[in-house]
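S.K.: With the first letter of the sequence shown counted as 1, position 167 gets the number 167 in my numbering; the numbers rise by one all the way through.
None of these hints come from the bench; they were simulated from the model.
We put the beta carbon where it would ideally sit given N, CA and C, even for glycine.
Pairs of lysine to aspartate or glutamate residues, derived as EDC-like cross-links and limited to a Cα-Cα distance of at most 20 Å, are as follows:
| hint | residue 1 | residue 2 |
| --- | --- | --- |
| 1 | K250 | D182 |
| 2 | K250 | E201 |
| 3 | K250 | D145 |
| 4 | K250 | E279 |
| 5 | K82 | D123 |
| 6 | K257 | E286 |
| 7 | K78 | D123 |
| 8 | K250 | D170 |
| 9 | K250 | D153 |
| 10 | K250 | D220 |
| 11 | K82 | D171 |
| 12 | K257 | D247 |
Quick list of the computed label-pair ranges, beta carbon to beta carbon:
| hint | residue 1 | residue 2 | range |
| --- | --- | --- | --- |
| 13 | P290 | D182 | 42 to 50 Å |
| 14 | E18 | D182 | 28 to 36 Å |
| 15 | V245 | I39 | 53 to 61 Å |
| 16 | I39 | S264 | 48 to 56 Å |
| 17 | N27 | L274 | 51 to 59 Å |
| 18 | G154 | L274 | 26 to 34 Å |
| 19 | N229 | S97 | 25 to 33 Å |
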Amino acid sequence: AAYFRTGFGLEVVLNAPETEDFRFVPNDLADGIRWDNRINWDLGTLPGSGDNVDLGGNWVNYGGTTTLNNLSFGSGGKLSVKQGYLAVDGTLETGQSGGQLSIDAAGQFWTNGYSATQMLDVDVDGGRFANTGSFTGTTHMTATDGQTILATDGANFDLSADSMLNIFGDDGKVGFDGTTGDTAVLRLEDDSTLRFVADSEGFSTIEEFRSGFFGTAQSDVQSGVNLGNANLHIDVSQIAGTAGVHDLVKVDEIIGKFEDIHISGLGSTQDARLLINYETDTVSVELLNP
Numbered sequence: 001a002a003y004f005r006t007g008f009g010l011e012v013v014l015n016a017p018e019t020e021d022f023r024f025v026p027n028d029l030a031d032g033i034r035w036d037n038r039i040n041w042d043l044g045t046l047p048g049s050g051d052n053v054d055l056g057g058n059w060v061n062y063g064g065t066t067t068l069n070n071l072s073f074g075s076g077g078k079l080s081v082k083q084g085y086l087a088v089d090g091t092l093e094t095g096q097s098g099g100q101l102s103i104d105a106a107g108q109f110w111t112n113g114y115s116a117t118q119m120l121d122v123d124v125d126g127g128r129f130a131n132t133g134s135f136t137g138t139t140h141m142t143a144t145d146g147q148t149i150l151a152t153d154g155a156n157f158d159l160s161a162d163s164m165l166n167i168f169g170d171d172g173k174v175g176f177d178g179t180t181g182d183t184a185v186l187r188l189e190d191d192s193t194l195r196f197v198a199d200s201e202g203f204s205t206i207e208e209f210r211s212g213f214f215g216t217a218q219s220d221v222q223s224g225v226n227l228g229n230a231n232l233h234i235d236v237s238q239i240a241g242t243a244g245v246h247d248l249v250k251v252d253e254i255i256g257k258f259e260d261i262h263i264s265g266l267g268s269t270q271d272a273r274l275l276i277n278y279e280t281d282t283v284s285v286e287l288l289n290p
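Could you build the full structure based on these sequences and the hints that come with them?
M.R.: Structure representation (structure tokens):
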């Protein structure tokens, strides 16, 4: 219609869609957990790009392709993203009891940071999690498989006090990706905990990696980690008895130190030591046999 109106010299005014506020309200006529079922939303239709969403503390399974303005979990809300793409350009919020986010299979979740003091539990066991802003809120994040992009170009992931980053096994990709050469940093604060748990093949390393989202070029960011007097826990149970050096962190710049270091799961006569090299900007654990 706009094409023909322009051809006849008539004014064409396209109004941008208005931002609407949606609240998830489970409907007994359906399964009550599906994002992509319109009867589970108070407005009777699905949220679209630019809208605000409140999950209302409910358990929701996401499906679709949506870039929201704001997203609130409500108090104790649970969001599962196993397929599709969900991005939050505005504010990510949780209620008094916090929230839970799980990403698996082919799901993607992108957020422009998180700043709330309530606990946000994030479990990445496949798919992709990505932070494009300032992530400073309280979190327990677990990376087991898939991709965990802690920071893209110009972004920062601050592991605040009482927060924990768990990295299980060597199957997941954890770290940084981007294309503009800007900084991408992980900053650990006092009383935060960084935990690595080995599988039979070793550990996943916090480092730059090519996620594929930005094309075929290798990651181009200035990656950095501030160890910030955090606590470091390393579980080597699955590789106990073997000798060797395993990289835990490998970036462009490392500063700071750990306040407390705990290595568990060693063989009965085995020893280990932590190596922080400020010239190569690596953190490694060396397992020693007598």
